[in-house]
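A.B. asks: Sequence:
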Amino acid sequence: MLGLFEMEVCFAVYPPGGFYDRHLDSFAGARNRVVSLVAYLNEDWDEVRGGALAVWPEGASEDQPPAARIIPEGGGVVLMLSETIPHQVEVTHEKRLGLAGWWRVNQSGIDRVDPLS
Numbered sequence: 001m002l003g004l005f006e007m008e009v010c011f012a013v014y015p016p017g018g019f020y021d022r023h024l025d026s027f028a029g030a031r032n033r034v035v036s037l038v039a040y041l042n043e044d045w046d047e048v049r050g051g052a053l054a055v056w057p058e059g060a061s062e063d064q065p066p067a068a069r070i071i072p073e074g075g076g077v078v079l080m081l082s083e084t085i086p087h088q089v090e091v092t093h094e095k096r097l098g099l100a101g102w103w104r105v106n107q108s109g110i111d112r113v114d115p116l117s
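Quick note on my numbering: the sequence shown kicks off at 1 and runs consecutively.
Hints are computed from structural coordinates only; laboratory data are not their basis.
None of these values were measured; they are calculated from a predicted model.
Hints are supplied without guarantee of correctness; some may be wrong.
Using C-beta positions, here's what the derived DEER-type ranges look like [what the hints assert, rightly or not]: (1) V105 <-> V48: 35 to 43 Å; (2) G29 <-> P57: 14 to 22 Å; (3) I71 <-> E6: 24 to 32 Å.
EDC-like mimics (lysine to aspartate or glutamate), calculated; alpha carbons at most 20 Å apart, straight line [to be verified]: (4) K95 <-> E47; (5) K95 <-> E6; (6) K95 <-> E73; (7) K95 <-> D44; (8) K95 <-> E43; (9) K95 <-> D46.
Heads up, the beta-carbon is just placed ideally off N, CA and C, and yes, glycines get one too.
Make a model of the complete structure from these sequences and hints.
C.D. replies: Okay, here's the thing in structure tokens:
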């Protein structure tokens with residue numbers, strides 16, 4: 001029902017001290033990214049190592065605390081709507097490995113399929 005067409009994925013490596021400020025993965029209405037995926041690859045990860053994914057509900061103000069903090073445990077997967085769920089990666093104290101991916105929709109219309117990039 002979402003019209004998902006293709007997926008873009010990148011290998012995300014955060015060195016010690018690395019982080020990613022609060023953001024959305026797509027601008028509202030852009031439809032270039034519809035569903036975001038984060039998959040964690042480190043083994044034996046715990047909260048002391050940092051790098052948690054902080055997640056806010058749609059429309060949360062900048063001063064509101066996150067609704068959840070997800071520890072990047074190996075094998076864990078997070079899915080969220082790209083245009084509406086603000087999130088950030090907190091400072092990591094060790095090398096943090098993962099996959100970041102975004103399902104996309106066909107932007108060209110019903111009679112034409114987007115070319116692969």
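A.B. asks: For every hint, state whether the structure bears it out.
C.D. replies: Taking the hints in turn, this is what the structure says about them:
1. V105 <-> V48: 35 to 43 Å: holds, 40 Å
2. G29 <-> P57: 14 to 22 Å: Since G29 and P57 have Cβ atoms about 19 Å apart, the given range 14 to 22 Å holds.
3. I71 <-> E6: 24 to 32 Å: Holds - the Cβ-Cβ distance for I71 and E6, about 30 Å, lies within 24 to 32 Å.
4. K95 <-> E47: Within the cut-off at roughly 13 Å; holds.
5. K95 <-> E6: violated, 29 Å
6. K95 <-> E73: Holds - the C-alpha atoms of E73 and K95 are around 13 Å apart, at most 20 Å.
7. K95 <-> D44: Between K95 and D44 the Cα gap is close to 12 Å, so the pair holds against 20 Å.
8. K95 <-> E43: holds, 11 Å
9. K95 <-> D46: Status holds; Cα separation ~13 Å.
When each numbered hint is compared with the structure, a violation occurs for hint 5 only.
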